[in-house]
Every structure is written in structure tokens, then in C-alpha cells.
Amino acid sequence: MLIYTTLIAPFIEFEFMRRALVGSLALALGAGPVGVLLMLRRMSLMGDAMAHAILPGAAIAFLLAGLNLLALTAGGLLAGLLVATLAGMVARTTELKEDAALAAFFLVSLAAGVTIVSIRGSNIDLLHFLFGSVLALDNQTLLLIAGITTVSLLVLSLIWRPLVLDSVDPGFLRSVSRAGAPVHTLFLALVVLNLVGGFHALGTLLAVGVMMLPAIASRFWARDVTMMVAVSVGIGILSGYAGLLLSFHAALPAGPAIILVAGVIYAGSVIFGKVGGLARRLFPGRHLEA
Amino acid sequence: MTAVVQFRDVTLGYERHPAVHHLDGAIQRGALLAVVGPNGAGKSTLFKGIVGLLKPLSGKIDLADLGEDEIAYLPQVAEIDRSFPIDVYDIVAMGLWRSAGLFGGIGGEDRDRIHEAIAAVGLTGFERRTIATLSGGQMQRVLFARLLLQDARLIVLDEPFTAIDTKTANDLLDIVRRWHRENRTVIAALHDLELVKAAFPEVLLLAREPVAWGRSGDVLTAENLLKARQMCEAFDDQASACVEAA
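Those protein sequences? They're chains A and B, same order as listed. When you line the first sequence up against the working numbering, it's residues 1 to 290, in that order. When you line the second sequence up against the working numbering, it's residues 1001 to 1246, in that order.
For reference, chain A alone in the conformation it holds in the complex (with noise of 0.2 Å):
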């Protein structure tokens, strides 16, 4: 009974919380995945920047049209598509490596979102901005973070080979292929498309973690790519479900106590994960025959 009343009965009896629960679950499949190959691409920062960049776009949007779930979404994925190719084009045209160009940018949105948003609403809309409601989420923002996760399974699946082939061997991509470009600019996309997603219901502060958090733990469970993938997804859901269920009891902040969920996750694969974790170094066991 006590295990039903811990695990299980707040979804079942709150309605804000089973939205909540969905909303996560489809974050973690669309993020799980990309978090997976920005991690490979030795990207994982530049998804930190892209995800402060959405914050100017959306704060734009909000002075032009409010609180509008389509309104912040474009003006969130124009102003992350905007970063990730001026980023781009400056590390091209200039001495400055992309890293570097994106540090830069990220600092400036993040200023520049936060002061707009202040022009016109309140600490609470800051608030909401900066760390999202994911107890808070209506139809509408359900069905396009859903929407979202469809998109990004769908588009991922079909670049899948040329995007892991850029990642491994880019000189063997380019010379049987010309795909590699157009596979990252893609990818790209996905990346702030999910960073869009997961804005509305972490904030543009949080929306990475549930990308990267899960992604990085995962490299200490599994050897190849595939598997990665499928546990760092498996790493996002528990982190949502668990998240919610410890704000629920411990009356903590919903978006935050998921990450920190992931973080916890992320600490103990470090320690304890089997490929590569602490306790594997400290301790290996005997050497083999052969």
C-alpha cells in the first residue's frame, strides 16, 4: 500500500501530474537520442548555448504577442537557428574556434532574453522563462512537444547512418558522399527543435539537462551507439517520473527536481557504471589468461 500511495497514486489522482509525467516520457524520447550524438560530436556544450539562444527569441515573442504557446515557439527556434549558423559563420570567416564564437553568443542571448522579458512581464513569467512549468502543461503544449519527439525519431532515423558515419569518419563521408553538410545542418535543427520542446516545460536553463545529463550517463553503461541511446532514453524517463514524484513528496520545484534526478543518475554511472566508471577502475578484478 505504501509503495501504491509513493509511486503510483499521485499520477492517478492528480491530473497536473500525469500531464506532466507525458510531457517528460516525450522529452526523454526525443531528447535521449540527440543528447546521445552531440555528446559524440564532442558538442555537449554548444547544446548549452544553443538553449540559452532560444531565450531572446522567446522573450520577443512574448513582448509581441504574451504568453502564446505558437509565438514563443517560432521566436524560440528562429533565435536558436539564428546562434547555431551566425555561431558558425563566424568560426568559419574568423581566427575564433566554434566553441568560442558560441560562448560568446550564448552570454549575449541570455542577457539580452532576460532584460526583454523584464521590459514587459513580471518575476513570475522571468521564472517561468528561465525554469519552465512542467506542472503546468496544457493540451496544447503536450501535443507539441509530442509533435516534436515525432519529428525528431522520424528525422534522426532517416540521417541516422550518414550523421553517425560524419561523426566517426568525416574524411570517409566526404568522399563517397556529399551528405555530410546538409546531415549537420539537420541535425542542428533537431537539436534546437528539441531545446524548443523541452523549453516549455524546463526552461531555457533546464531544457539542456534532460538532453545532456541522460546522454552522459549513459556512455558509462553501454560500448556502441545504439545502446547508448536506448539507455540514455531509459536515463530520461526515470529521471521524469522520479523527479516528479520527489517534488510531489518533498513539495520541491518540479523542472529542477528532475534534473537533479539526472544528476544523481549521472554521479552514480560515474562511480559505479560498468564501462569505464570509478568503482570499475579502482577495483578490476584479477587480469584475464588472455
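Just so you know, these hints were derived from the structure itself, not from any lab. Note that the structure is predicted; figures quoted are calculated from it, not measured. Here a beta-carbon is modelled for each residue, glycine too, at the ideal position from N, C-alpha and C. Any given hint might turn out to be false.
Simulated restraints, written as ranges between beta carbons of each label pair [as the list claims (entries may be wrong)]:
1. B:1174 with A:287: 18 to 24 Å
2. B:1064 with A:107: 33 to 39 Å
3. B:1166 with A:97: 37 to 43 Å
4. A:92 with B:1008: 28 to 34 Å
Straight-line C-alpha distance at most 20 Å; calculated DMTMM-like pairs for lysine to aspartate or glutamate [to be verified]:
5. B:1060 with B:1087
6. B:1197 with B:1151
7. A:274 with B:1209
8. A:97 with B:1079
9. B:1227 with B:1209
10. B:1055 with B:1087
Following the hints, put chain B in place on chain A, whose structure we already have.
Just chain B now, kept in the frame of chain A:
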């Protein structure tokens, strides 16, 4: 005999400085050509020119009727991310790109071909090993297995046997000989002159300028090798524009 690659007064280089200077000549279909010369002689530059990664500063490289997917290229330093979580089987399978492409499936027959290629380079049993766990020689075997599947008519190998033990080099050389028997055109940059004499009928000795090109016995003379060694490696920043190019 038909030429697969035709060089017409080709100069390749970087920022106007020539790394391969005024090369003329042709590589015939089915040739097994070794390109030798000191470090900095322009071997890799020439190969990049052939596979289309570098545009000539002047002159022209004609590739007869070869499509770009009929050329297989093994760079000297592959850009492979060895830490990427992918296994030997999947890397070798990439060689099927020409037939499978972006979306095509890999069927039972293809899987047999992948296993054959892995067996041909002596890596049976390594299929599920991730590439991070391979030694340098094993990785080179993997790349040769991928080349096998590429089924290309022109195969360009940039120093394929450098930093590899004799046993591995001999095994891989057998594969090169097999390609030669199948009438594919193979070009390889090499440093081991004994190996070149033993296995490559045709040699291009390059030292920025082409020093000699022909049957290996005729090219690899003491006199030619000395000439190649005297080549000046550094670019001259004050160099004036080439008269021949005018």
C-alpha cells in the same frame, strides 16, 4: 591500354606555393604504381589532387570515366575518431556505401560480403570489438577491409604500410596484389624501396618536381635517388611567379 588518370602539366600546392610542380603523364588502367620520394615531396598532395580534395593551382587532372564513388582513398592520417563507440563490423560495413547509400538496406548477401572482407584481412572474431580497443595494425586491417567492400576501380593508398609490422604489411600487400589481379588501378605512396622493387612494377619518383617515372628498375637508380634527396623542402616566401606557368 587506356589511361585512368591523366596529368596535364599539373601543379598542386598551398597558397600559391607548389608542392607538386608541372607533372605530366598518365596512369594506365590496371597499373600498380608506387609513388616514392622524401617527406615533403608532394606525395600526399598529389593524392589529394587525384581524389578531388585539392584543386590544382594550374593544369588539369583527367579522371577518364571514373565517378567519384569509384575511387577509394586511404589517407595517411585518417580522421577517424577512435573513441567513438562503434564496432569493427559497422566500420567495415561503411564500405558498402556505394550500393547501400543513405537509406538502402543491408541484406543477407551484403552481410556475407562484410564477413568475407573481415576474414580476408584476418580479423575474424573481431566483429564486435569497438575500434577503441584495436591496435594500430588492426585498425589498418579494418580500413583495408572497408576498402575491399568499396569495390572501387581506382584505389589510392597514402603510406598504407607505415608504422605497421612486417606480418601485417605482408597480409595487406596480398590484398593489394589481389586488386592488381582484378585489374583495378592501385596507387600507393611508400617509403620501403625493397618492398617497392619486389611488388610494384611501376614507380613515380617525386621530389616536388617529378624526377623519374617508369619501370621500377629504371627509376630506382642511385643517381635518381640522390637527385630526389637534394630537393629543397621549404617554401621560399620570396619566390617569384613561375615562368613556365606564364
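Okay, the hints, checked on the actual structure:
Take residue 1174 of chain B and residue 287 of chain A: their Cβ atoms lie about 35 Å apart, and the range 18 to 24 Å is violated. For residue 1064 of chain B paired with residue 107 of chain A, a C-beta distance near 54 Å fails the hint of 33 to 39 Å. For the pair residue 1166 of chain B and residue 97 of chain A, the beta carbons lie near 41 Å from each other, so the given range of 37 to 43 Å is met. A hinted range of 28 to 34 Å for the beta carbons of residue 92 of chain A and residue 1008 of chain B is consistent with their spacing of about 33 Å.
For the given pair, residue 1060 of chain B sits about 40 Å from residue 1087 of chain B by alpha-carbon distance, which is inconsistent with the 20 Å threshold. Under the criterion of a C-alpha separation no larger than 20 Å, the hint pairing residue 1197 of chain B with residue 1151 of chain B is inconsistent with the structure, at around 26 Å. With a C-alpha separation of about 56 Å, the suggested pairing of residue 274 of chain A with residue 1209 of chain B is violated against the 20 Å cut-off. Between the alpha carbons of residue 97 of chain A and residue 1079 of chain B the distance comes to roughly 18 Å, so the proposed pair stays at or under 20 Å and holds.
The straight-line distance between the Cα atoms of residue 1227 of chain B and residue 1209 of chain B is roughly 10 Å, inside the 20 Å bound, and the hint therefore holds. Annotation: proposed proximity of residue 1055 of chain B to residue 1087 of chain B is violated, straight-line Cα distance about 34 Å (limit 20 Å).
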